[in-house]
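I would like the entire structure built from these sequences, with the hints used as guidance.
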Amino acid sequence: VSFPQQQFFISSLLKENITNGVAEALRLRIARAYRHGQTFRVIIVMPLLPSFPAEKFGEKETAVLEAVLHWNYYTLSRGEDSLFGRLHKEDRIPEDEIKNYISVYGLRTHGEINWTPKSEIVYVHSKLMVVDDRITIIGSANVNDRSMTGERDSEVAIRFEDKEMIDGTMNGQPYQVGKFSHSIRVHLFKEHLGLLPSQQKGGVESPSSDISVEDPASDEFYLNTWMKAAINNTQLYKQVHSHSTMFLRLASHRVATYTLITDQLRSGGGGRGESSRDSAEDPGTCGGAPTSFPGGGRPHSRL
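In my numbering, the protein residues as written are 163 to 465.
I should point out that these hints are in silico values taken from the structure, not numbers from a laboratory. Treat each hint with caution, since some may be false.
Unchecked claim - Calculated cross-link-like contacts (lysine to any residue; reagent style SDA-like; alpha-carbon spacing at most 25 Å):
1. K177 with S265
2. K289 with A187
3. K177 with D243
4. K177 with D315
Said to hold, decoys possible - With beta-carbon atoms standing in for the labels, derived distance ranges:
5. R197 with E382: 23 to 31 Å
6. T181 with K261: 22 to 30 Å
7. D253 with L358: 32 to 40 Å
8. G334 with K251: 30 to 38 Å
9. E178 with Q362: 30 to 38 Å
10. P359 with Y285: 47 to 55 Å
Being a predicted model, the structure only gives us computed values, none of them experimental. Where is the CB? At the ideal position from N, CA and C, for every residue including glycine.
Written as C-alpha cells, this is what we have:
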C-alpha cells in the first residue's frame with residue numbers, strides 16, 4: 163500500500179517536458195501486481211483545486227492555476243500517456259479494474275453559518291507518503307520537477323524506516339507493521355473519515371473505528387469504507403449543490419470547461435440560499451472528508 167498525500171502530483175511517463183519518474187515507478191509496480199494477481203493499493207490525496215487566484219478562468223490572471231491543473235491531470239488521468247492511460251493501453255489493465263489498484267481523492271468539509279449551508283475544500287499542503295505501514299517520508303518536496311530534479315528548489319525530508327514492529331494486518335493476513343508509520347497512517351485515515359475522538363459527539367471514539375482503518379489493503383477498507391465514503395460524499399454534495407446557491411460549484415465532475423467554471427463562480431454566492439434542513443439531502447450524513455477527485459479520464463476542455 164502506498165499512501166501519498168501531496169499538494170501537487172506532476173510527473174511524466176514520457177520524460178519529455180517533465181523528467182521525474184514518480185508516475186512511471188507507480189505504473190511499473192501496479193503493472194507487476196496486475197500480472198501476478200497481487201493486491202496493491204495506491205491512495206492519492208491531494209487538493210481538489212490548486213490554491214491560486216481564480217476569478218475568471220481562461221485569462222492571464224489564472225494562468226498558473228490552469229497550468230497546475232493541466233499537469234496534474236496530464237500526469238494522472240488525461241489522455242493515453244497519463245498514468246491511468248498507460249496502465250490501460252500499455253499494461254492491458256481494463257479501465258474498470260484500474261481503480262482496484264490506484265485511486266485519487268480530494269477532501270471537502272461543510273457546515274452552517276447563520277443557518278446557511280457552506281462547503282469548502284480542505285486544502286492539502288502536506289508532502290507525505292506512507293508505504294506498507296513501515297516507511298514514512300515527510301518533508302518539503304512535492305511530486306513535481308521543481309522539487310524532484312535536485313537542481314531547483316532546496317528541499318529537506320526525512321525517510322523514517324521503522325525498526326520497532328507491532329502485530330498488524332495487511333490484506334487480511336498477519337503482518338508486522340512499523341509502530342510509527344502505522345500510527346500516522348491510521349491517524350490520518352481516521353481524521354479524514356471523521357473517526358477521531360475529537361470529531362465524535364461527546365469525544366468518545368467509535369468502538370469499530372480501529373477495525374475499519376487497520377488494514378488499508380483489504381477490500382473491506384479500500385473499497386467498502388474509503389472509496390465508498392468518497393463516492394457517497396461526492397454524491398451528497400452534488401445533490402445539495404442542486405438545491406442551494408450557497409455551495410460553490412467548483413471541483414466537480416459536472417464542471418468540465420472554463421466557461422462553466424466562470425458561470426459557476428458568478429452564481430455561487432448570490433443570495434441567502436437554503437438551509438441544509440430544507441435541502442434534499444443533509445450533508446451532515448457525509449462520511450468524513452474524502453471526495454472523488456474530479457476530472458474522470460477523458461479531456462473535455464483545455465484542462
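We went through each hint and held it up to the structure:
no.	hint	result
1	K177 with S265	holds (23 Å)
2	K289 with A187	holds (18 Å)
3	K177 with D243	holds (11 Å)
4	K177 with D315	holds (19 Å)
5	R197 with E382: 23 to 31 Å	holds (25 Å)
6	T181 with K261: 22 to 30 Å	holds (28 Å)
7	D253 with L358: 32 to 40 Å	holds (38 Å)
8	G334 with K251: 30 to 38 Å	holds (32 Å)
9	E178 with Q362: 30 to 38 Å	violated (49 Å)
10	P359 with Y285: 47 to 55 Å	violated (24 Å)
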